[in-house]
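Enquirer: Spelled out, the chains give:
Protein chains: 2
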Amino acid sequence: MNLDVALCPAELAGVDLTGRAAVVIDVLRATTTVTAALESGAAAVIPHATLDECRGHARREPGVLLGGERGGIKPADFDLGNSPGEYTPEKVGGKRIAFSTTNGTRALLACRGAESVLLGCLNNRAATAERLADLEADTLLVCSAKQGRPNLEDTLCAGLLVERLRELVVGMQVTDRARLSLELAHALPPTPDNLARSDHGRLMLELGLRSDIQRCAELDVRSTVGRWTGGEIII
Amino acid sequence: MNLDVALCPAELAGVDLTGRAAVVIDVLRATTTVTAALESGAAAVIPHATLDECRGHARREPGVLLGGERGGIKPADFDLGNSPGEYTPEKVGGKRIAFSTTNGTRALLACRGAESVLLGCLNNRAATAERLADLEADTLLVCSAKQGRPNLEDTLCAGLLVERLRELVVGMQVTDRARLSLELAHALPPTPDNLARSDHGRLMLELGLRSDIQRCAELDVRSTVGRWTGGEIII
Numbered sequence: 147m148n149l150d151v152a153l154c155p156a157e158l159a160g161v162d163l164t165g166r167a168a169v170v171i172d173v174l175r176a177t178t179t180v181t182a183a184l185e186s187g188a189a190a191v192i193p194h195a196t197l198d199e200c201r202g203h204a205r206r207e208p209g210v211l212l213g214g215e216r217g218g219i220k221p222a223d224f225d226l227g228n229s230p231g232e233y234t235p236e237k238v239g240g241k242r243i244a245f246s247t248t249n250g251t252r253a254l255l256a257c258r259g260a261e262s263v264l265l266g267c268l269n270n271r272a273a274t275a276e277r278l279a280d281l282e283a284d285t286l287l288v289c290s291a292k293q294g295r296p297n298l299e300d301t302l303c304a305g306l307l308v309e310r311l312r313e314l315v316v317g318m319q320v321t322d323r324a325r326l327s328l329e330l331a332h333a334l335p336p337t338p339d340n341l342a343r344s345d346h347g348r349l350m351l352e353l354g355l356r357s358d359i360q361r362c363a364e365l366d367v368r369s370t371v372g373r374w375t376g377g378e379i380i381i
Numbered sequence: 147m148n149l150d151v152a153l154c155p156a157e158l159a160g161v162d163l164t165g166r167a168a169v170v171i172d173v174l175r176a177t178t179t180v181t182a183a184l185e186s187g188a189a190a191v192i193p194h195a196t197l198d199e200c201r202g203h204a205r206r207e208p209g210v211l212l213g214g215e216r217g218g219i220k221p222a223d224f225d226l227g228n229s230p231g232e233y234t235p236e237k238v239g240g241k242r243i244a245f246s247t248t249n250g251t252r253a254l255l256a257c258r259g260a261e262s263v264l265l266g267c268l269n270n271r272a273a274t275a276e277r278l279a280d281l282e283a284d285t286l287l288v289c290s291a292k293q294g295r296p297n298l299e300d301t302l303c304a305g306l307l308v309e310r311l312r313e314l315v316v317g318m319q320v321t322d323r324a325r326l327s328l329e330l331a332h333a334l335p336p337t338p339d340n341l342a343r344s345d346h347g348r349l350m351l352e353l354g355l356r357s358d359i360q361r362c363a364e365l366d367v368r369s370t371v372g373r374w375t376g377g378e379i380i381i
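Chains H and V supply the protein sequences, listed in that same order. For the first sequence, our numbering begins at 147 and goes up steadily by one. For the second sequence, our numbering begins at 147 and goes up steadily by one.
It is worth saying that the hints were derived from the structure and are not from the lab.
In silico negatives: residues of chain H with every beta carbon more than 12 Å from chain V: (1) Arg216; (2) Ala273; (3) Gly376.
Far from chain H by the CB rule (all over 10 Å, computed), these chain V residues: (4) Lys220; (5) Glu276; (6) Glu352; (7) Leu365; (8) Asp366; (9) Ser369.
Short derived list, chain H residues pointing at chain V, Cβ under 8 Å: (10) Leu153; (11) Ala156; (12) Glu157; (13) Gly294; (14) Asn297; (15) Leu298; (16) Thr321; (17) Asp322; (18) Arg323; (19) Arg325; (20) Leu326; (21) Glu329; (22) Leu330; (23) His332; (24) Leu334; (25) Asp345.
All residues carry an ideal CB built from backbone N, CA and C; glycine is no exception.
If we strip away everything but chain H, and leave its shape as in the complex, we get:
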């Protein structure tokens, strides 16, 4: 098993993902939020590139909820923003959610062509690693990054996934990028304080989202792992 990390989606131009497993990581906050939604019993999360595509989806499918953000903020006509805490069983249980965020969707699209696409975050780090170990495929961890540039929080999460996978899979081959993420996660663990000092963490503090950072930093607290298949994210 070969383990690689893409620190930003642009790296994947021209990379053949056939037969590989991919994990999309957007710690602050898309993959954390989608994981929360599925663990709260949402039937499916359907990612869209734009807010307008979400609205079009809602017109075609009555009952679908609208979720997501732009610039970290919930659009006024949406049911839900991008805070994992909003996605409670009462609000999303049994529901389908049309969802769009700034960076997460781009990373998902970059993983087209992979055999399996999972959604990883710190909350479900151990569960994601176990799922990958079961798949026994060459694996690529894809950081969503921020406006196309590598960020701290996704790189740290990738590093902790590398850490757990090395414990689970004997003789795994790792690339420079996997080693780099792992070393970094050991040097600068993704505590709430360290996430708050990242570029995106500082923006979230300005938006009053400190409690979201704390929730997104919780390690191994969820057993749910979303899987992107047929255009929808399901368990």
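Could you slot chain V onto chain H? The hints should help.
Expert: What follows is chain V alone, placed relative to chain H:
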């Protein structure tokens, strides 16, 4: 002064470099070799995208030397490969060198539009930082990466440049990528052993280039800093 790092050239698509200083880093080995050539008295190094462009240059300009590599190996009809040790005063003093390597040229081209473009490596780390501090411009350190994907050695060199610049410039603002490189350089210093364990280092060991790795790992041993201007690299 704002300090950013691009871990691979693809990140720079759409980034405006106007008024900024950029440093191209290709530790193994292009920027180390060009620095050695200039310190040995070469008049200029002229980078080309392809080996054939180098050959065309030599036909137009008698006396120009041909230098570079593909897959780490010197083309049979070239005067010099990509080992810094080859570029002695006896061989290159006063000469102009048409030069092409696999990854370094792409990174240089990605820096088009910057106000100043310098060539950094571990050998001239401190000298490069001092030059940047004098420029007092917002600065971007650009890792050449390997086939478009971030690598260990360039990220570590960027981190040590960040370290030295923070000592020289008070109140410098750093991005996630600058912090990430710095933390990584502290966790995994670019010793010959660590460079030899990188993806590209392992390839170089296979090619019998251990002494090149040792030379490229030497920190702050050169005072020469190449500058890319008008299509040529000069001091």
